[in-house]
Every structure is written in C-alpha cells, then in structure tokens.
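Colleague: Residue numbers (numbering that gives the first Met the number 0), protein chains in the order written: chain Y, 0 to 268; chain V, 0 to 268; chain S, 0 to 268.
Accuracy of the hints is not assured; some may be wrong.
No copy is singled out in the list; a pair is fine if it fits within one copy or between any two copies.
[As the list claims (entries may be wrong)] Derived DMTMM-like pairs (lysine to aspartate or glutamate); straight-line CA-CA distance at most 25 Å:
hint	residue 1	residue 2
1	Lys113	Asp102
2	Lys121	Asp40
3	Lys217	Glu61
4	Lys251	Asp103
5	Lys138	Asp221
6	Lys121	Asp221
FYI, nobody ran anything at the bench for these hints, they're computed from the structure.
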Amino acid sequence: MGIIALLTDFGIDDPYVGVMKGVILSINPNAVIVDITHSVDKYQVLQGALILRSCYKYFPRETIFTVVIDPGVGSMRRAIAIRTSNYVFIGPDNGVLTPAAFDDGIIDVYEIRKYTLPAVSKTFHGRDVFAPVAAYISKGGLIEDIGGRVSVDSITTIEVSGAEVHNGEVIGKVIYIDSFGNAVTNIHPNNLKSLGIDEGGLVNVEVNRVQYRIPWVKAYSDVKQGELLIITNSFNYIELSVNQGNASKTLKLEIGSEIVVKPCRQQSL
Amino acid sequence: MGIIALLTDFGIDDPYVGVMKGVILSINPNAVIVDITHSVDKYQVLQGALILRSCYKYFPRETIFTVVIDPGVGSMRRAIAIRTSNYVFIGPDNGVLTPAAFDDGIIDVYEIRKYTLPAVSKTFHGRDVFAPVAAYISKGGLIEDIGGRVSVDSITTIEVSGAEVHNGEVIGKVIYIDSFGNAVTNIHPNNLKSLGIDEGGLVNVEVNRVQYRIPWVKAYSDVKQGELLIITNSFNYIELSVNQGNASKTLKLEIGSEIVVKPCRQQSL
Amino acid sequence: MGIIALLTDFGIDDPYVGVMKGVILSINPNAVIVDITHSVDKYQVLQGALILRSCYKYFPRETIFTVVIDPGVGSMRRAIAIRTSNYVFIGPDNGVLTPAAFDDGIIDVYEIRKYTLPAVSKTFHGRDVFAPVAAYISKGGLIEDIGGRVSVDSITTIEVSGAEVHNGEVIGKVIYIDSFGNAVTNIHPNNLKSLGIDEGGLVNVEVNRVQYRIPWVKAYSDVKQGELLIITNSFNYIELSVNQGNASKTLKLEIGSEIVVKPCRQQSL
Numbered sequence: 000m001g002i003i004a005l006l007t008d009f010g011i012d013d014p015y016v017g018v019m020k021g022v023i024l025s026i027n028p029n030a031v032i033v034d035i036t037h038s039v040d041k042y043q044v045l046q047g048a049l050i051l052r053s054c055y056k057y058f059p060r061e062t063i064f065t066v067v068i069d070p071g072v073g074s075m076r077r078a079i080a081i082r083t084s085n086y087v088f089i090g091p092d093n094g095v096l097t098p099a100a101f102d103d104g105i106i107d108v109y110e111i112r113k114y115t116l117p118a119v120s121k122t123f124h125g126r127d128v129f130a131p132v133a134a135y136i137s138k139g140g141l142i143e144d145i146g147g148r149v150s151v152d153s154i155t156t157i158e159v160s161g162a163e164v165h166n167g168e169v170i171g172k173v174i175y176i177d178s179f180g181n182a183v184t185n186i187h188p189n190n191l192k193s194l195g196i197d198e199g200g201l202v203n204v205e206v207n208r209v210q211y212r213i214p215w216v217k218a219y220s221d222v223k224q225g226e227l228l229i230i231t232n233s234f235n236y237i238e239l240s241v242n243q244g245n246a247s248k249t250l251k252l253e254i255g256s257e258i259v260v261k262p263c264r265q266q267s268l
Numbered sequence: 000m001g002i003i004a005l006l007t008d009f010g011i012d013d014p015y016v017g018v019m020k021g022v023i024l025s026i027n028p029n030a031v032i033v034d035i036t037h038s039v040d041k042y043q044v045l046q047g048a049l050i051l052r053s054c055y056k057y058f059p060r061e062t063i064f065t066v067v068i069d070p071g072v073g074s075m076r077r078a079i080a081i082r083t084s085n086y087v088f089i090g091p092d093n094g095v096l097t098p099a100a101f102d103d104g105i106i107d108v109y110e111i112r113k114y115t116l117p118a119v120s121k122t123f124h125g126r127d128v129f130a131p132v133a134a135y136i137s138k139g140g141l142i143e144d145i146g147g148r149v150s151v152d153s154i155t156t157i158e159v160s161g162a163e164v165h166n167g168e169v170i171g172k173v174i175y176i177d178s179f180g181n182a183v184t185n186i187h188p189n190n191l192k193s194l195g196i197d198e199g200g201l202v203n204v205e206v207n208r209v210q211y212r213i214p215w216v217k218a219y220s221d222v223k224q225g226e227l228l229i230i231t232n233s234f235n236y237i238e239l240s241v242n243q244g245n246a247s248k249t250l251k252l253e254i255g256s257e258i259v260v261k262p263c264r265q266q267s268l
Numbered sequence: 000m001g002i003i004a005l006l007t008d009f010g011i012d013d014p015y016v017g018v019m020k021g022v023i024l025s026i027n028p029n030a031v032i033v034d035i036t037h038s039v040d041k042y043q044v045l046q047g048a049l050i051l052r053s054c055y056k057y058f059p060r061e062t063i064f065t066v067v068i069d070p071g072v073g074s075m076r077r078a079i080a081i082r083t084s085n086y087v088f089i090g091p092d093n094g095v096l097t098p099a100a101f102d103d104g105i106i107d108v109y110e111i112r113k114y115t116l117p118a119v120s121k122t123f124h125g126r127d128v129f130a131p132v133a134a135y136i137s138k139g140g141l142i143e144d145i146g147g148r149v150s151v152d153s154i155t156t157i158e159v160s161g162a163e164v165h166n167g168e169v170i171g172k173v174i175y176i177d178s179f180g181n182a183v184t185n186i187h188p189n190n191l192k193s194l195g196i197d198e199g200g201l202v203n204v205e206v207n208r209v210q211y212r213i214p215w216v217k218a219y220s221d222v223k224q225g226e227l228l229i230i231t232n233s234f235n236y237i238e239l240s241v242n243q244g245n246a247s248k249t250l251k252l253e254i255g256s257e258i259v260v261k262p263c264r265q266q267s268l
C-alpha cells in the first residue's frame, strides 16, 4: 500500500500541497504520491465528492485517497479513514468521501486520533492530520491503529441526486463543467433509453428555456467543428459538448443549470 | 524504460491527468511519471508539437513521451507509437509527435491495437489507449506487440515553417509566448548571421508596423529592467523579451504575429 | 539524499519545469522530485524566500531545495549551494535561500562551478545549472566538489522585516495572500501578547483607514460563514481571514498593505 492520491481545493499556487508531500515523504520516503487535482472550487464538498467518485476506480487497488476539501477544519467535525473493498479513503467527515466509498463497498470506518503530527493546528489538517495518517497507512500501518472504530451509520453522507424521469421527459442538471467547457449532467444514458431515445439519433434538449435538436453521438468528431452534441462521456454520464468548442460558454451553462431532455418526435411548444 | 513524460491540453483543473496516472500505476506500479505541461492550448496540435520538439532531448534515453492533444479522439485517426533513436513517442496520428520524432530519427512506427484498457471509450483515449500502452512499454513490453507496423510515409506530419530570408530581411513569426511574456519566434540565430547581424549589436525589428532598434544580447540582464531585447533563447530560437517585464504585452504580440528583422545599418522607411 | 524539492516562478504552463525534471532524472533516475510551487510571482525574490522559509521544515532531512526565482540569470550573480544543519539549498545568490538557510543554521556555502550541463545558457540556469547540480548531490555527490567554498558573509541576504510594536500598537503588513484570500501578515502572536491581547478575545484591527473589531479565534469555523477573523495560521503568523470567504477581496488587501492591531479596550479616534 504505497500509493497516495491527493484531492484538495488548495490550488497549486500556494505551498500547501507541497508541504503535505513533504510530510508524507518524511514518514514514508517510498510513498508514491499522485495528484488527482487541487482545483476543486474552494469549500465545494459536493464537487469534490463527484470528482472522487468518477475517478477512484482507475487507481491501483490499495491506493490511499487523501481528500482535503474541508471548510470545517478545526471545528468538531471528525477526521476519518474508510476502508472499502479495494481502497482506503481519508478525509474530513463531511461527506466528501462517501459517494466513492459506498460505491466501492465500505468495510469499516475509523476516527483518526493517532499518527498525526505531534502538534495539530486548527487550520491545516491536510498537513497535520491527513497527510501523516495516509503516510502511516502507506507504509503498512494498520488502519485499526489510527483511532476508534465508528459506525458506518454515523458518518456524514452526501446526496448525489440523479435525474428525474416523468411525463416523457428527463429533468437533470449540470453537475460539473470541465476545462474544455463540456457540461456534465446527472443524466445517465439509461434515463434516455427509458424514453426510447437511442444513441445515434437526434434528441430534444431544453436549456435556459431554449429548445435545441442535438445529435446523441459516440465521438465528439461525429459532428462538424463548432456544432453541439450530447455524448455518453468517459465517466458514463450524458454530457453537452461542442466539437472543438466550449459548450458551457455557447449555452451559458453553470453548475446547477437545468437540462430537460425528451425524444425529438415530441413537438416543442 | 520506466519514465513516462506526459504532455496534454487537459489542464490540471479536471481529474483527467490524475486518472491517466492512476491507469499507468495500475499497470506498472514502478513507472516514474513526469509532467511536461498540460497547458497546451486546447486542440492546438502545432503548439504541442513545438513544445515537444523543444524539450524532448532533455529527458533520459528511453523516456516514453505520451502526448494527448487529440481533437480527433474517437474518429478514424490512428493511435500510434513511434520508436526513434533514443525514445518512444505515443499519441494520436495527427502530427503532434512528428517534429520531435523526425528530429531524433524514426526507427519504426506501430498502430496501437492492443494493451489498451478492456473497454475503450470514444472520448478519452488518454485514459483508455495512450496511458495503458505507455505503461505496458514502460515495464518492458515490446513495441512490436502493440499492433501492426505501419509505414513512416503513412503518418501525418506537421509543417513547422522556418523564417524566410530575402531582400536583406528575415521574415519570421511568433510561434510561442511563455508565461513571462517572452515571444519565441521561428527565427534561428543563423538566419540573422546570414545577413551579417551579430550577437552583441543592435538590430532593426519591425513588429505591428513599428520599427524598433533592439540590442541582441546574451543575457536578459544585459539591458536595464523594462527594456526590450532580443536573445537566442534556451531552445536556440530568437526571442523578443523585456528584462523583468512582459514583451508580448508591451508589443501586443500574439501567436502568428509577423516579425521582420534586418541589420540596423539599413534605414527604416 | 534523494529528494529534490522545486520552488520557482516558472509557472506550469510552459515546459520549463518539466525540462528541469528531465535533466534531473537523466542524471539520477532514482531522484524523488517534489513541487513546492511554481507560482511565485515572476521575479519576486522576497515572496519566494518567505514561502521557502515557511515550509522547508516539513520536508525530510537531506532534502535538496532547488529554488529558481532568478531575475539576474546570466548576469554576474553567483549560483550557490548552502549546506545547513539538515538540508541543502541550491539557487541564485540573490537572497531567496537565506531566510530558510539561516533559520536552519548554515554550515557552509559553495559557489557552483561544476556538474552543470556541458553547455550553460545565459537564460535558463534552472535547466543548465541548478537541476544538474541538485541531481548530482541527490545521488550522493559531495557538495564540496561542486565549486569553491565561499564565506557566509559574502552571500546576499534578504531582510524579512517583522512587525513593529510601539505606543500600544502593533504595526505590521501583509506579506502573503493565499489562494483562499487569507492575508498573512508579518505579525507574530507574541507581538499581540506583548500588548496583553490574548487569543479568544476581540482585537482592534485597522486596515485601509477603517477600524474593525475582529475576534482572534483558533479555528476558521469559530465564527459564522462570511465573518472576519484573525488567527494564528499554520506557519505561526497572524492572518486575516473570512470563514469560507475571501478576506483580501473583502478588505481590499494587497501585499504590503499596512495592518495596525491594538487591544479592543482602546477607543478608536
């Protein structure tokens, strides 16, 4: 268990991530540290949870995910480590870990009480709590030793709501916008298939009160450069995109924007 | 062959680069992964090609360059691996690899057909194709095994045009602007020397229809803070710079801006 | 001695940092390279020095800090390596290394003359001088071998001024603003304690000619979301912050902004 994957909202302009790595290597010089991203929007626990859930499966078994999106640092919120079927997840008990952890299958949960730095600040638990515990586990330390076992029922969970299907429509929303401007929705391909919509055809998409007829394609390049499309993205969500363009700018989309999809045979108003 | 160097236009705000690293480490836990940069402008194949060519020689022999600037992902464009005299280059067959690969000397080229992830999406070949094949080769896998050998003549090449010299002028253009605002041109020092211009003297530089008399210096600090200069940069191109300033802002330069250089003894119009 | 920690103002949008890593791994394939940050504001030697001093202690003993904030590259400024009680610091002799090095205790200082790349440019000593020397030392090379020993008195030092205490006030200034908008001052908790101000109570803070009564708390979450606070931060400085907000935007703070703190029992004018 030597791989530690970091996910934070620290950004990389400050030395905070570097300091966490220094702490890890001080405890386990052989740790392999991988950055998932440090650009989670500040304090956005749900966004961090979604990113973690979307990508954890691509990491080696026994990877120790160390997640610090922690607006409650220094408060009474617990610091926890979750052992799942294949991984360990470490972070604040604010829900950021749970969509991924439940998806992989939780075995047990521990509240972190030991193997922190000797002096624990109330402002930087990434450095003082989460990094050293991750390092301890990465060199073979037992998760049982880091503190007390707590009940799975006691940990904070986050609702990652799915899209709703009724009256022949799928009503979803934008949950993530990537740096290409692709707008990832909470709509699953099966939501569309349940309405008889199939990949390869046109769908009716309503965004900001405007109706679009958009092809549901398999590759961005299935439409011409600059044209709108929807696609099942690489994390198995429906995504609005513009081939070699920026769908979120084109459609003025934001996190939370409502997306209504229905079959194209239905006439718009 | 354990070093994998990554160059993409993914940025680092999304988890995409982290996921590629997770995939690589899942296949070869001992791989050493180095980021060249992930800030190539989206879809700018030529820019990626220029960056790769400028820096590949500074990496250890047998480094596996994994380059994902891939506007055609999911289309019929091939995924290829090129073996050169000292390195392996992996990426889409859109020309991004070729300036570096030809510079190092191509031995043979293979189309990637095997050692991808079991399920290959049409949207994220960095994760599903290029990362796993790089990992396979990094742990000693044979490039011959990844697919079929293809002819060097069949791969897509990119024109990296040099500057033109005629009528006693060098006519070049800006090909890269770095984060210091230094404007790198496609002019080589020899272009200037062919006109009798020598390092150490003043040259006449025309930019945006304005003529400047600028010293060709050896170090940024050879002029006062805030003053214009030209210099043979660390990748052996002529670069416009301002000592401790930002030449591209000062001169309103962009990628593609024309730069005309002539000896200073010539009078301007 | 295998860990090399990098701190530069290069940013990560260009391939410069990647090239330094390529050079290091060419010389020592087993080097472990850690990024502190590459987002020091361009040419800001003092900022780099402050960051280095704040974080070096969290890295393993024998870490080789390689610091390139180097507006004088190519000039007569020396390139130096400093051996301290626990670490090695490599960089330009412009003061960027000294606050950290003096803090750890300087043993001896060497001017770099050997173990550079064969050809040394005048524009990129990160690649040609500092990276190769760091790599040389990281694989067990002797610091004595890299060049001539120079006197500690001869190296450039930087003044990191502390806050002033007089007339019952602490007069400090903002020395760093992090990506959360937290404004770090040069005021130490002891400065406040010398005036009888204790953690837990209200203090009077004057910023931009406006007086605020702000609680001195132990955790950001000790005040409501959006409220101002001061706190002893994780590097033991007094910091102005807004819980889950951005203090520097709220108070229009910049590097150098004056901060005057006095006990709250004193009436403002």
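Colleague: Now tell me if each hint is right for this structure.
Modeller: Here's how the hints hold up against the structure:
In this homomeric assembly, Lys113 and Asp102 never come within 25 Å of each other (Cα to Cα): the closest approach is 27 Å inside a single copy and 29 Å across copies. Proximity of Lys121 to Asp40 under the C-alpha cut-off of 25 Å is restricted to the intra-copy arrangement: shortest distance 21 Å within a copy versus 28 Å between copies. For the homomeric pair Lys217 and Glu61, neither the shortest alpha-carbon distance inside one copy (33 Å) nor that between copies (35 Å) is at most 25 Å. With identical chains, the CA atoms of Lys251 and Asp103 are never at most 25 Å apart, being 35 Å at best within one copy and 45 Å at best between copies.
In the homo-oligomer, the alpha carbons of Lys138 and Asp221 never lie at most 25 Å apart, since the shortest distance is 47 Å inside one protomer and 35 Å across protomers. When the C-alpha separation of Lys121 and Asp221 is checked against a cutoff of 25 Å, the pair qualifies only between copies, where the shortest distance is 10 Å, while the shortest distance within a copy is 52 Å.
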